[in-house]
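What follows is the residue order along each chain.
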Amino acid sequence: MPTKEEVFEKIQAALVDALGVDDEDVTPEATLVGDLGAESIDFLDIVFRLEKAFDIKIPRGELFPEDILTDSKYIQEGKVTETGLAELRKRMPFANLDQFAKNPAVQDFGNLLTVADMCRFVEGKVEVTD
Amino acid sequence: MRFEGKTAIVTGGSRGIGRACVARLAAEGAKVAFVYNSNRQAAESLLDELKSAPGEVRALQADVRDLQRAHQLVDSLFDEWERIDVLINSAGVVKDGLLGAMTADQWREVIETNLGGTFNYCHAVTQPMMMARRGSIVNLSSTAAEFAARGQVNYAASKGGINGLTRALAKELAPRNVRVNAIAPGMIETDMSQVVRGIAGDQIKKMIPLKRIGRPEEIASVAAFLASDEAAYLTGQVVRVDGGLSLGGY
Ligand SMILES: NC(=O)c1ccc[n+]([C@@H]2O[C@H](COP(=O)([O-])OP(=O)(O)OC[C@H]3O[C@@H](n4cnc5c(N)ncnc54)[C@H](OP(=O)(O)O)[C@@H]3O)[C@@H](O)[C@H]2O)c1
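One line per chain: the protein sequences are A and B, in this order. When the letters of the first sequence are read in order and numbered with my numbering, they come out as residues 1 to 130. When the letters of the second sequence are read in order and numbered with my numbering, they come out as residues 1001 to 1250.
Hints are computed from structural coordinates only; laboratory data are not their basis. A few of these clues could be false.
Said to hold, decoys possible - Derived Cβ-Cβ restraints for the label pairs, each shown as a range:
# : chain 1 : residue 1 : chain 2 : residue 2 : range
1 : B       : G1248     : A       : E82       : 56 to 64 angstroms
2 : B       : D1191     : A       : A13       : 45 to 53 angstroms
3 : B       : P1175     : A       : Q76       : 28 to 36 angstroms
What the hints assert, rightly or not - In silico DSSO-like links for lysine-lysine, alpha-carbon gap of 30 angstroms or less:
# : chain 1 : residue 1 : chain 2 : residue 2
4 : A       : K79       : B       : K1171
5 : A       : K90       : A       : K102
6 : A       : K52       : B       : K1171
7 : B       : K1171     : A       : K73
8 : A       : K90       : A       : K4
Glycine is no exception: its CB is placed at the ideal position from the N, C-alpha and C atoms.
Construct all of the structure, not just a fragment, from the sequences and the given hints.
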């Protein structure tokens, strides 16, 4: 059973490999897109690496629910609708969407996910000890 | 030996163009696993033929229309080889017929095998290739994608689909140093083209500027080039290998 510290270290290693960033760039507060420069293909790469590092299966779209953001049911004039936000909250319990909800422009969504969110995401999948 | 220490998967590798690709890669030192569907005899005769090749060759039975099987097959090869350098998608079928008389099964079989099979194996190798930051995919298209023949609505659509898939996937995977290209052969001497060659062979030869039907080895040499590091700066292209057939004019 990994500790929270070990979860962070493995995620850090995955991000360093996938994004070509330095160890010290990967802080808990760092956002994946804004601070670490991740693009959409990187999310796939990151998911592959997490699956390998933690020996887990991550259904596509679970970490980054791109399907919601491209579904006209949930998007109006470039913004996520109330139902869309509710759906995102349901799908991403590991992320804090409060700030994003104030002005939910789709183009800003990518900038929401932080390294700490990813740690919470993985902690929800593997049992961790303190 | 451009493929020493490298590994390759070739679908449709038991006969025709795929078979020539397997032989070529094995001759240049690759470990090759090829996929066949129903003709076990052909697969075994190839294994026999390549027994003393510098590379290693093995045959795996799978229907390329099965995505789950594609993943299982690729995953187990990756577990063993720890790398997948090359994928050649050569499995393909023709079921010609005029559209008005074409059955839904004829349509589906061709689309699902040619285009669906290509998607399935690209899907399965994406993860290992992306993570390794290395890989080359070669898809067998056809000049039929762009130059119409009567009775080939299904086949032309499948090959046009492969061209689009090739370009779009090339763009997706380029940042990960994985290259994706296609070859569009003209008329090549294999079982697939046998019927057409039988009926219209001489006429077709007259239309080909090089005045002859191509040999599978002449496609395999281009596939090996695209798969190798010699083509390191080449991606998203559909290379016509057709003796000049597609030049048109007179
Ligand atoms: N020959 C030409 O003139 C020509 C021209 C342009 C493009 N092409 C393209 O080049 C590729 C190879 O053609 P070819 O002439 O070499 O054909 P071929 O001689 O008929 O060989 C076809 C190969 O595909 C395999 N295959 C067929 N359906 C499959 C399935 N569902 N799952 C797994 N394997 C399957 C066959 O295995 P089994 O025998 O075990 O079923 C065989 O190994 C095709 O994509 C074709 O469209 C050919």
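How the hints compare with the structure:
no.	hint	result
1	G1248(B) to E82(A): 56 to 64 angstroms	holds, 57 angstroms
2	D1191(B) to A13(A): 45 to 53 angstroms	holds, 50 angstroms
3	P1175(B) to Q76(A): 28 to 36 angstroms	holds, 31 angstroms
4	K79(A) to K1171(B)	holds, 27 angstroms
5	K90(A) to K102(A)	holds, 17 angstroms
6	K52(A) to K1171(B)	holds, 25 angstroms
7	K1171(B) to K73(A)	holds, 28 angstroms
8	K90(A) to K4(A)	holds, 24 angstroms
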